[in-house]
Amino acid sequence: MGHRTAGACDHSHDVSHTHHHHVSGNIKIAFFLNLGFTLVEIVGGLLTNSTAILADAVHDLGDSIALAQAWYFEHKAGDKSSPRYSYGYKRFSLLGALISTVVLLTSSLFVLANAIPRILEPRHPDAGGMILLAVVGVLVNGIAMARLSKESGMNAKVVALHLLEDVLGWVAVLVVAVVLYFWDIPVLDPLLAVIITLYILSGVVKNLKAMLPVFLQAVPSDLDLGVITREIEALEHIHAVHHAHIWSLDGVYSVFSAHLEVDTQLDARAYMQLKELIRTLVERHGIYHSTVEIEYPGEACRNIQGLI
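Mapping to our numbering: the sequence shown position 128 is 128, numbers consecutive.
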């Protein structure tokens with residue numbers, strides 16, 4: 001019938017499984033650090049009479065929820081494929097990234113809603129207590145962020161952005177607390193909160209722009225489908241390539257498929273050599289899962305025209 005597949009069947013599942021569990025371990029540590037410090041923030045905010053710290057506690061609680069689901073999704077993303085999820089669970093990581101982004105967007109808007117009124121009616125918190133909490137906040141969130149900032153997965157990057165927001169927020173609280181300790185300028189607190197939140201919102205937009213093409217199965221920005229197609233067409237016996245597709249499962253792992261028209265009937269040896277050439281070619285572009293359909297001379301393409 002001409003339906004064939006090419007590519008290594010053992011496409012580094014063990015490596016990807018280890019990668020996802022390494023990332024999920026880092027997210028787990030970040031989650032417990034964040035949740036524990038959130039409880040400290042709530043108590044500290046009440047003791048220092050600081051609405052900024054209480055607002056940050058609500059924000060960090062939202063981050064803890066995002067970290068919890070990110071931990072689950074990242075762990076799930078490393079599981080083997082199943083009859084229902086034949087491509088595996090890598091997109092669970094992407095789903096986790098989307099949920100984290102929504103939580104980050106919502107919590108940022110919450111901070112803005114609380115900070116803007118305080119510009120008009122500044123309050124006077126306990127600056128000394130704020131300094132102590134801010135130093136601990138920078139250390140806790142900085143450690144958590146450092147464990148995730150070098151990971152390559154979309155989910156880990158979004159979670160790292162959560163933690164970057166927290167680090168910057170606590171740096172702002174520390175600076176304002178020191179200023180308030182010596183000078184009476186309480187309006188600096190909400191002003192810095194607004195600036196930092198707007199900066200984080202710009203990161204949210206950037207992450208959404210990176211995620212949406214993956215959800216829509218666009219060709220990854222670092223790959224050129226035209227170049228790969230022309231390289232395949234330059235191989236011996238390849239007459240033409242059509243219905244070529246590249247898409248990313250989660251922003252890291254990409255998949256390639258295509259229909260190949262050959263100019264002659266191939267014996268078993270030539271067919272296996274052609275498969276190996278194509279596998280090697282697409283792997284040079286960082287694609288380790290490829291599926292091709294061989295169409296012999298005179299064989300009609302069975303794809304529904306206009307569908308894909």
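Just to be clear, a hint being listed does not mean it is correct.
Label pairs and their calculated CB-CB ranges [as the list claims (entries may be wrong)]:
| hint | residue 1 | residue 2 | range |
| --- | --- | --- | --- |
| 1 | L105 | Y85 | 25 to 31 angstroms |
| 2 | F182 | L216 | 51 to 57 angstroms |
| 3 | M272 | Y199 | 18 to 24 angstroms |
| 4 | C301 | I29 | 16 to 22 angstroms |
Derived lysine-lysine pairs resembling DSSO-like cross-links, with alpha carbons at most 30 angstroms apart [as the list claims (entries may be wrong)]:
| hint | residue 1 | residue 2 |
| --- | --- | --- |
| 5 | K275 | K28 |
| 6 | K209 | K275 |
| 7 | K275 | K157 |
Because the hints were derived from the structure by calculation, they are not lab data. In this text, all values refer to a predicted model and were calculated from it rather than measured experimentally. All residues carry an ideal CB built from backbone N, CA and C; glycine is no exception.
Evaluated hints:
1. Distance hint check: the CB atoms of L105 and Y85 are about 28 angstroms apart, consistent with the given range 25 to 31 angstroms.
2. Between F182 and L216 the C-beta distance comes to about 53 angstroms, which sits within the given range of 51 to 57 angstroms.
3. For the pair M272 and Y199, the beta carbons lie near 55 angstroms from each other, so the given range of 18 to 24 angstroms is not met.
4. Roughly 51 angstroms separates the CB atoms of C301 and I29, a value that falls outside the hinted 16 to 22 angstroms.
5. Under the criterion of a C-alpha separation no larger than 30 angstroms, the hint pairing K275 with K28 is inconsistent with the structure, at around 41 angstroms.
6. Restraint check for K209 and K275: the C-alpha separation of about 35 angstroms exceeds 30 angstroms, so the hint is violated.
7. About 36 angstroms separates the Cα atoms of K275 and K157, which puts this hinted pair outside 30 angstroms; it is violated.
Hint compliance for this structure: hints 3, 4, 5, 6 and 7 are broken, all remaining hints hold.
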